[in-house]
Structure formats: C-alpha cells, structure tokens
Amino acid sequence: MTPDAASSKRLLLAVALTGPAVVAAIVIIATEGYRVIQPDSILFTEPPAVSFADALMHREVEVAYAFVHDGVNPNAPLAVQDAGLTGGGSVDVSPLMIAVASRNRNAVMMLLSNGVDVDLPVNQPAACVARELGEGDLETMIVRRGRASGARPQCASPTDGGGPPLLRYRVVTVPSSVPR
Amino acid sequence: MARETAVALRLASVWRALVLAIAAPLVLALLIVLWRTPFPLSEGVGLIEDVARNTPSHFLAADTAYYRPLFHITLWTMWHRAGSVEGALHTIKLLHIIPVALVVILFVWIVRPRDAIAAGAATLALAVLVGAPAFRDNLEIPLSYTTAGMPIGLLVWIILEREHRWWHGLVIVGLLAIAVGFKEQGLVLVPVVIAAWLTGAPGVRRGTALAVALLAVGYVAFRLLNRGAGPLFEQDVGFGFSRLSPEQTMARFGSFPLAIFAYSGLATIANVLFSEPTAGVFEVAAAVVRGRPDPIGLLNLISSLGMTVLIAWWVSTQKSLRVLPVSREAFVVPDGRVAIALVVSLAACGAMSFDYSRDRLGGMAIVFYALAAFHAIRALGIRVASAPTPRFRVAVAGLLLLAGAWQIRALNTLEGARETAFKNRREWITGVADRRVEFTDRPVYLQIMNRLEPQGVAPDAPQPTRYRRTAARLIRGR
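Chains as they are written, first to last, in our numbering: chain L, 1 to 180; chain U, 1 to 478.
Simulated from the structure, these hints should not be mistaken for lab results.
You can trust all of the hints, since none of them are fake.
So the derived label-pair ranges between C-beta atoms look like this:
1) L28/U / D119/L: 44 to 54 Å
2) Q81/L / L232/U: 52 to 62 Å
3) E438/U / Q81/L: 35 to 45 Å
Just so you know, these numbers come straight off a predicted model, no measurement behind them.
Every residue, glycine too, gets a C-beta built ideally from N, C-alpha and C.
Start from the sequences and build out the full structure, keeping to the hints where you can.
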C-alpha cells in the first residue's frame, strides 16, 4: 500500500467515526438556534388553546395552566358547547366540572392545586359527576379538598333524568361574583 | 528530539480541542437544560426538608439503607449558608452540573487523541459515555450521588496512570472517601485501585492499595454493624418481564434471596454492556414478544451489543492480559489496565446493586466502559486501515453505522433531560394540592414546597423538542 493510499484510508476512517458526531452537533446548533429565534414554534411548544374550556377538554395540562397562570379565575363558570359533554348545547359550568366530565385527571389536579374552591356551589357537583363517571380517584381527590374533610357528598338528584352529566349536574343559578 | 516532542504535544492539543469542539454543542445544550430544569417536587422537596430539619450530625448516623453523609452535609451547607432560596437552588444545581461537565473534560483529557483515527475514536467513545443509560439515569437533579463519583473515578484513574508522587496515596484515599461519602457506589473504586496496583500502574504503591482496602473493610463493617432493622428488599425489584413490589419479592424469594440478589447484580452489569434489561426488566425483549418492538430500545440494544463485542475483541487482543496473574510487569501497557478496570468495576457495580437493579447503579463502571470503547475503536481503526480494500469498506460502513447509532443515543440523552424537566414542571402544576392535604403534619415540608413552587411552575422550563415521525421515534422513543 502506498503512503497516499494509507493516508486516505485513515482519513476516511476518521470521517466515518467523526461524521455522525459532526452531524449531531449541526442538528443541535440548528435546533437550539431556532429555539432562540422562534421559541413559540410548534417544534418547541404546544400551540395555545382557543379557550380555557377547550384546553380543559382536549389539551395537555400545561396549556390549561397557562390560562390560570395568566390570571384566569379557575372558579368562574365557562360557557361550554361540546357534542359529548353537553349534547351539543351551550351550558355554563365551572372549569372543575369540565375537567372532571372530560376525565382529564391532570387538569383536575392542576385546578385543585391552583385556587379552586370545591365548596363553592359551582364546584360542588364535581364530585358527583366524578362518581357517576366511575372516576373514584377523582372523586376522592375533590372530596379531600372540601371543608367537610373527606365526607362523601350527598349527590342531589340531577337536574333532569338523562343526557350528558354536565347538563344534568349544572348549577342553574350562578353567582354573579365568584371569589377566586 | 525536544522539538519533535513539542510538536507532538501541540498536535495532541489540537486533536483534543477538536474532539471537545465537536462535543461542545451537545454537552453545552445538556448543561443548559440541567441548569434550567425545575427542582422535582417528589424527592427534591423531601431532600431539602431533611436538611432543613436536621443538624449535620444527623446524617452521620448509619442506621439507614441510604447512607450518603457527605452528600447530605454538602446539601445542608448549601441550603443553610445561601443567602436566598434561589441562591441555594443554584448552588445545589451546580453540584450536579459541574461533575457532568468534568466527566466529559476529564474523559477527553485521559484519551488524549494524537491522530485522526484516535480523534474519531474519542468522539464515538464520548457518545458511548453520554448515550449510555448508566450516565443518563444519573442526570436527575438534585440526586448527584453518583454523578459526583464518576469524575472522581476518572481523576483517580489519571493519578494511577501517572508517574508516582508522594501525595498520590493521600489524594486517592481522599477522593475515594468523597465518592463513598456521596454514595456507596464509590466503593467501586476500591477494586479498581487494587487492580491497578496489582497490574503495575505507575501512580500507586502498596501502601495506598492497602489503605483503600482497609478503608473499604472498615466502611463495610461499620455499615453492617449499624444497619438497623430495615426490610430485606427496600425497593421494587425487576425480574424477567415485570417488576415486583418489595412484598412480592419477599414472598417469592425471601426464603432464598441469593438467587434474586445474583439476578439483580447481573442485570446491572448487563445494562452497562447491552442496555438491557432496564432496572431488571427485559423491556426491549418484552416489546418484541408483544409484537410491538420499540425502535429506540432496539437501537440501544444493537448498538450496545456492537460496542461490547468490539470491546471483547479488543480485550482478546491484549497479549498482556493472557499472562494474568503470573507477572505484574506484564501489565505495563495502560490499555490492558483499562480492560481490567472495566471488568472489576462492572463486577463491583453488580455486587453493589444486589438488592435491586437500576440503570444509574452502573454509573461508576460506565466511565471505564467508555474508556475501553475508545481503545477498542482505535485498535480496530488501526487494524482496518491496513486491511485489503473490500474488508476496509465493510469495516468503515460498520463503524459509520455504529457511530451514527451512538450519536442518536447521545441526542436521546439530551431529549431525556428535557423530558425530565418537563415532567418536573408538570408535577409542580398538578401535584401540589395532594401534598397540601397529605403533609398537613409536616409544616417544614409545606413551607419549602411553597417556597420552591414558583421555580417549579415557571413557564421557561425546558420542553422536549417535538421531532416528527422517524426522528421522533428514534430520538424521543415515540
């Protein structure tokens, strides 16, 4: 083998060993550079939800938390319209009720950690909805946070006999001002 | 002659700088992610509660299964001496981040590439180090127990391989004591030092080997005499395709625990060598049996298998090892000592994880695995450089695939760190309410939790990169 051929082989070997590391370095520089320039890109963060209710029903908990973090009152009722949860009609219910009806465990835990008062009339039926949906751990979680400290709620008769739980357990009279 | 030496040294510095430059984006990105990672709610708050409530002497009592006196006293000092909560958290994070940076720098320092093939071998070996589960599993802030031990292992190795100085023994014993004080896994360095002395390492004398042996015997005796009355199995134990709770393990293996002890030890060793099983559970095999193979799991398994076979081939070519234990002088080749260090550190990691296997428990051996990987890759490179062209092409293609696989694994470590940061934040967002109820009788815990909550929910915590399709499956495993 000539010295030139041997040298070329060694170079090729070095490129084979180092090449993937160089590619990885370029990928990282490009990705992190783009992260600095466009931190809100879909590559790095989940896009915001159209509404708090939408976030509670369909999105990751971080998206819903962004609303609370930005000052949205987690006890204030929201208008929600959903084929599954409200039969397509519009109804005003609390964020906790929406999260429970959506079986969104993380959202329930987030709301309980961030100022939801389960003893408010708008939130009281949440434990009953959880029980009706067979979400025993959600019910326990809510009940533990109440002033009755662990006592199971007496679930009143639903507003009407059939239909989605959010419709049946909604509180018809909503207080005009709900403390946070 | 002196001029030639100077040129060679300058060249070595250039290759070393090149390797560090190539690794820099990955390592810096990893360090930044760790710096911005929120303290975890579980583990993190409990640890700080411990140091807030107790005096340093409390952590010297050995009647616990998790004896890490130096780690806790260091944490105590950082928590109590910092001017603010933020300052304390930053210092505790640095306790984790600096060792990670040191491992990389010391590794490149030790391998000292002197030509293009060695530089290529060093970049691949660095990916082996960073991409291994034993490294990745030790990145969890603030649990810097083994992370502190890993650079100490490399520092000890540097000293062992240097010309002897009077202070070597003192420094080796001191470093070993620090590593053991952070976590008992530091004891892995005891057989490494003794094996280095037995095989003629220039930086260690009989007195030092004797001192570390006595230190280990004394420490183990101290622990056995003060262990208290804990259960036989402290944590979940992985076995086959499933995890057993401590109660299940007791019911199944309590009458003859040696079998499960041996299984757990071998599982930790196998995890370093093959990336399977994970915490004693054969997850990749289980996924294949279920007909839903996990791409990243398979990539890990195959690339680890390839690297371990390569290391085994290299070990078999070390002529000096074949005379073991006839002559100490036969071991003057430092490369051969790396092979010995790998074997004894693996055996020690296995022995020390007898109670349960976790990826992180192989942390002290992974540095020697990566060092052995460097020597093996370089040896293969030198061998194939003079091979006939057809064989050369096959070897280059094989090494390219192996290097590519390990670089993907290194990227996976970075994304894994992001994932951990994301999970930590989610835990803060969702987990505070339960703890306020659960820990009403622990006011210090609740007070610390409230003080740490703002950093936990801060919106600028790292998030996993939302890679698409194949990249997502390979780099994020989904």
